Amino acid sequence: MTWSTTFKQSIANIGHVLLVLMPWRDPVPLTRAWCLWEIFCGISNEGTEVTIQLPNSEEQALENAIRSSYKAVTDTLVRVQAERADAFNPHDKHMIFTAIESWAGGFSAVNQAVKDQLRAWCLQKAVGAVEAMRARGEDSTVAFAGLCGHVGLVLYQFGEHDKAIAFYETALPIYLRTEGEKGRNVAAPYGNLGNAYCSKGEHDKAIAYHEKALAIRVETLGEKHPSTADTYDNLGTVYASKGEYDKAIAFYEKALAIRVEAWGEKHPSTADTYNNLSAAYRNKGEYDKAIEFYEKALAVFVETLGEKHLSTATTYNNLGNTYDSKGEYDKAIALYEKALAVYVETLGEKHPSTAATYNNLGIAYFSKGEYDKAIAYYEKALAIRVETLGETHPSTASTYNNLGNTYDRKGEYDKAIAFYEKALAIYVETLGEKHPSTAMTYNNLGSAYNNKGEYDKAIAFYEKALAAFVETLGEKHPSTAMSYFNIGLLHDKRGDKEQACAYMQRALDGYTSTVGPDHPDTRDAERELRRIRGNDEPVDGGARTGGALGEEENEQKQQEGSGGDDNMTSQDWAVLVLCCPCLVAALPFLCIYSCVKSVCQK
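Just so we're aligned: the sequence shown equals residues 1 to 602 in our numbering.
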């Protein structure tokens with residue numbers, strides 16, 4: 001029996017580990033190798049209770065920190081890195097590190113176990129602080145409203161959207177009563193409600209709240225204030241989620257101009273807007289422009305926040321999506337894996353952003369033809385999304401769509417259709433008939449019926465998809481080109497060469513103008529056109545599905561603070577690593593929130 005097994009068994013026999021966090025912002029026990037090992041043994045032993053306690057002074061310090069910045073909890077989690085722990089005796093450190101490395105998951109597993117426990121405890125303490133004020137009869141004060149706002153932001157950051165909305169709605173009437181409808185601090189809960197409803201896929205509600213916030217900000221702070229920029233940014237994100245990318249870009253450019261003037265080029269808030277502009281251009285099919293803005297954002301985040309920060313991870317994810325769309329799959333996988341490592345360590349395994357990255361890894365492996373690997377990643381993403389976002393969320397729908405694509409590619413058409421129909425029902429309910437994600441699902445159903453030989457059903461779905469793409473994305477978009485491609489192939493199968501050539505020419509023109517003459521999709525369309533005309537041998541001849549719905553980790557939503565004197569500046573931006581359903585929606589061709597990449601059903 002090894003020393004590590006003996007130690008773990010001893011912890012199990014005791015049955016209880018007490019962790020005293022002091023100071024709470026950077027607790028000493030988390031920097032000591034023996035303490036971390038004891039915590040991990042306690043967490044990984046079924047039946048062993050791990051209790052976290054703070055001295056009274058530290059509990060008050062935690063509450064004060066949450067009042068001033070909702071990022072306080074995340075910042076503490078970022079500092080948990082078992083590999084940095086030390087021991088007085090170098091031999092002890094070597095022994096513990098060797099034992100950790102021999103466990104499945106190694107240091108990552110230790111970090112995740114500790115952070116999961118800390119996260120649950122911090123959320124409990126945050127909600128408990130609100131309940132304590134209510135018990136003292138202080139629930140009608142501005143201070144209570146401010147705390148509710150910040151606790152809502154903490155919950156929102158960890159994907160608890162409905163709970164966050166409840167706290168925002170508790171704060172709002174207090175500000176309305178004390179300041180009136182145009183009060184400066186009323187804008188904060190309006191903006192936060194807008195972000196939360198956007199993340200739930202309720203875009204019209206989100207726009208209404210953000211417009212209320214904007215009117216107050218312009219009137220009380222002026223057009224050139226950073227908080228006004230935050231609201232422009234948030235409106236851009238909602239319109240991107242709706243698939244209205246030109247509107248989104250217009251709002252992002254307004255936000256960028258204000259931020260550059262107020263904060264300069266090398267500031268996280270400026271980088272947020274670079275990220276958002278990139279996502280919009282990516283969804284329009286302008287990939288090189290998207291990469292240019294993402295690289296600007298990444299350089300700022302690495303320099304100002306570091307490699308292991310959530311915003312850096314978000315940008316890795318977004319760059320991965322763009323390279324995936326360009327057909328550079330290995331580059332995309334490397335970027336997704338960088339993002340995943342940060343998300344699992346800081347947000348935990350069961351978070352929408354972690355799910356988004358699993359989803360994106362599935363997409364990349366699907367594109368490479370490694371279908372079983374893709375299904376495994378999609379199933380991981382689906383389990384997390386159903387648990388954290390619910391069965392009828394756009395992000396859940398995107399994973400159903402992706403599973404459908406993969407089974408379609410494997411030739412299991414009935415299974416594919418069942419997944420597509422699940423996705424379609426959710427999209428129609430949450431996003432409506434005329435949305436790119438809904439259109440992509442029509443397209444995918446068309447491809448499945450095409451592959452089954454049910455051509456009348458297939459053409460009906462393809463035509464629905466084409467109409468929605470033209471209306472929402474325009475003629476010059478890769479997804480519109482994909483619809484022309486599929487309809488062209490179907491007309492060819494039915495023997496109508498004239499119609500087949502006409503549609504395939506439109507597909508070729510669309511791909512050439514959006515992704516360039518050297519992109520695999522463009523080359524496929526060119527070869528198919530030659531084949532239909534009788535000038536070339538057949539290629540694979542498969543219908544294109546809407547590639548997978550990947551997650552743009554999204555547009556960075558600007559959190560509004562809680563209101564009150566502790567209202568946050570744009571420097572206190574939130575890393576909304578949600579997979580903002582919004583985003584899937586938005587980024588249909590992925591969302592964060594998402595660009596749909598077209599791939600040939602081979």
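Take the hints with a grain of salt, since some may be wrong.
Straight-line distance between alpha carbons at most 20 Å, and here's what the computed SDA-like set of lysine to any residue pairs gives [unchecked claim]:
1. K493 x D518
2. K350 x A376
3. K289 x E463
4. K476 x D246
Keep in mind the hints are simulated off the structure, nothing from the lab. None of these values were measured; they are calculated from a predicted model.
- [ ] Identify every previously stated hint that the structure contradicts and give their numbers, smallest first.
- [x] When the structure is compared with the hints, numbers 1 and 3 turn out to be violated.
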